[in-house]
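K.L.:
Count the sequence shown with the numbering used here and you get residues 18 to 251, in order.
If you're looking for bench data, these hints aren't it; they were derived computationally from the structure. Keep in mind the model is a prediction, meaning the values are calculated, not measured. Some hints here could point you the wrong way.
Said to hold, decoys possible - Pairs of lysine-lysine residues, derived as DSBU-like cross-links and limited to a Cα-Cα distance of at most 35 Å, are as follows: (1) K214 x K107; (2) K143 x K191; (3) K214 x K248; (4) K94 x K240; (5) K77 x K126; (6) K174 x K221; (7) K171 x K221; (8) K240 x K214; (9) K126 x K94; (10) K126 x K52; (11) K94 x K143; (12) K196 x K107; (13) K143 x K174; (14) K174 x K248; (15) K52 x K198; (16) K198 x K171; (17) K143 x K77; (18) K198 x K248; (19) K221 x K240; (20) K143 x K196; (21) K171 x K52; (22) K107 x K77; (23) K77 x K221; (24) K75 x K171; (25) K94 x K236; (26) K52 x K94; (27) K94 x K221; (28) K107 x K49; (29) K49 x K75; (30) K214 x K196; (31) K248 x K236; (32) K198 x K49; (33) K221 x K248; (34) K143 x K236; (35) K221 x K198; (36) K75 x K107.
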Amino acid sequence: MKNVNRKKQLFFDFGRDYEANFENFFFSARNKLLKSELENFLNGKTSQNVFLTADNGKGKTFLLNSILNNEHLEGYKIIYIDVASLNQEKNYFAELSNFDLICLDNIEKTSETLEVQIFNLINECKDSSTNLLFASSNHPDNLNFLPDLISRFKEFKQYRIYSIADDDVEDCIKFIASKLKLNYSEDLISFFSTRIKRDFLSIKTTIQDFDKFLYSEQKQPTKMSAASFLKTYS
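Work out the full structure: start from the sequences and follow the hints.
P.N.:
Following this line, the structure appears as structure tokens:
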């Protein structure tokens, strides 16, 4: 990302998660290209505009915040705004074009009034070094917005967060277990992989709850204890 040596200023961020970490996001096989492109985005020398699409529950918001928290952006003037939380009667985007990075989440929940504001924001940033990172649960082709705004979105680089495939589940469990410093056998990981939901949040929550179960029941992480845990787990 281009460094224009601006003085960092405090600005109220709507919905920021300051604990999110890029290294804690699991990139499945189909998302390896996305990881590479986002790393290029962070290390880029020129301004870029990115539109990220992901179904609900696929980690979109966590990934956005982890990008903003990345060490490469330390010292930059950045802002995260959850569009869904905005009151359409105010102009939230005035004078934001002097930021280095503007991140708008939940674009699909944009009100009609905000459509015009976002369109104007994009136009204001076109001739600046500001980077735009937008995210939505819907691709621009499926958004019922002003045609001119859709046209602007389509000028962005388009990426998607793909769902975790069956072949990725074991790797995802291993990834989470390593981050939580849990020592699971291959048999236990394989056992869980066929009995767990196929999204990162569900997998992470299940593993965390299983660890709590082991602690409360004073049991070891085995297939037998996992079977006992899953009998009453929903």
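K.L.:
Now tell me, hint by hint, if it's right for this structure.
P.N.:
Okay, the hints, checked on the actual structure:
1. Between K214 and K107 the alpha-carbon distance is near 41 Å, which puts this suggested pair outside the 35 Å criterion.
2. Taking the CA atoms of K143 and K191, the gap is near 43 Å; set against the 35 Å cutoff, the hint is violated.
3. At most 35 Å may separate the alpha-carbon atoms for a hinted pair to count; K214 and K248 meet this at roughly 15 Å.
4. Among the hinted pairs, K94 with K240 is inconsistent with the structure: their alpha-carbon atoms are about 49 Å apart, more than 35 Å.
5. A C-alpha spacing of about 14 Å is found between K77 and K126, which places the hinted pair at or below 35 Å, so the restraint holds.
6. Restraint check: the Cα-Cα separation between K174 and K221 comes to about 30 Å, which is no more than 35 Å; the hinted pair holds.
7. Distance check on the hinted pair: K171 and K221 sit about 34 Å apart at the alpha-carbon level, within 35 Å; holds.
8. This hinted pair checks out: K240 and K214 have alpha carbons roughly 17 Å apart, not beyond 35 Å.
9. Distance check on the hinted pair: K126 and K94 sit about 25 Å apart at the alpha-carbon level, within 35 Å; holds.
10. Simply put, K126 and K52 have alpha-carbon atoms about 26 Å apart, close enough for the 35 Å limit, and the pair holds.
11. Of the pairs offered as hints, the one joining K94 and K143 holds, with about 17 Å between alpha carbons and a cut-off of 35 Å not exceeded.
12. Taking the CA atoms of K196 and K107, the gap is about 41 Å. The hint is violated against a cut of 35 Å.
13. Proximity of K143 to K174 is assessed by CA-CA distance (about 14 Å); at most 35 Å being required, the pair is judged to hold.
14. Restraint check for K174 and K248: the C-alpha separation of about 45 Å exceeds 35 Å, so the hint is violated.
15. Restraint check for K52 and K198: the C-alpha separation of about 23 Å stays at or below 35 Å, so the hint holds.
16. Of the pairs offered as hints, the one joining K198 and K171 is violated, with about 42 Å between alpha carbons and a cut-off of 35 Å exceeded.
17. Pair hint K143 plus K77 holds up; C-alpha atoms about 25 Å apart against a cutoff of 35 Å.
18. This hinted pair checks out: K198 and K248 have alpha carbons roughly 25 Å apart, not beyond 35 Å.
19. With a C-alpha separation of about 18 Å, the suggested pairing of K221 with K240 holds against the 35 Å cut-off.
20. Among the hinted pairs, K143 with K196 is inconsistent with the structure: their alpha-carbon atoms are about 40 Å apart, more than 35 Å.
21. The straight-line distance between the Cα atoms of K171 and K52 is roughly 21 Å, inside the 35 Å bound, and the hint therefore holds.
22. Under the criterion of a C-alpha separation no larger than 35 Å, the hint pairing K107 with K77 is consistent with the structure, at around 26 Å.
23. Between the alpha carbons of K77 and K221 the distance comes to roughly 15 Å, so the proposed pair stays at or under 35 Å and holds.
24. A distance of roughly 22 Å separates the Cα atoms of K75 and K171; the hinted pair therefore holds under the 35 Å criterion.
25. Of the pairs offered as hints, the one joining K94 and K236 is violated, with about 49 Å between alpha carbons and a cut-off of 35 Å exceeded.
26. About 23 Å separates the Cα atoms of K52 and K94, which keeps this hinted pair within 35 Å; it holds.
27. Proximity of K94 to K221 is assessed by CA-CA distance (about 32 Å); at most 35 Å being required, the pair is judged to hold.
28. For the hint linking K107 to K49, the alpha-carbon distance of about 39 Å lies beyond 35 Å, and the restraint is violated.
29. Straight-line distance between C-alpha atoms of K49 and K75 comes to about 15 Å, which keeps the hinted pair within the 35 Å bound.
30. This hinted pair checks out: K214 and K196 have alpha carbons roughly 19 Å apart, not beyond 35 Å.
31. In summary, the hint linking K248 to K236 is supported, as the alpha carbons are separated by about 16 Å, within the 35 Å threshold.
32. Annotation: proposed proximity of K198 to K49 holds, straight-line Cα distance about 24 Å (limit 35 Å).
33. A C-alpha spacing of about 18 Å is found between K221 and K248, which places the hinted pair at or below 35 Å, so the restraint holds.
34. Distance restraint check for K143 and K236: the Cα-Cα separation of roughly 59 Å exceeds the 35 Å cut-off, and the hinted pair is therefore not satisfied.
35. With a C-alpha separation of about 13 Å, the suggested pairing of K221 with K198 holds against the 35 Å cut-off.
36. In summary, the hint linking K75 to K107 is supported, as the alpha carbons are separated by about 30 Å, within the 35 Å threshold.
The structure fails hints 1, 2, 4, 12, 14, 16, 20, 25, 28 and 34 (numbered hints given earlier, in ascending order).
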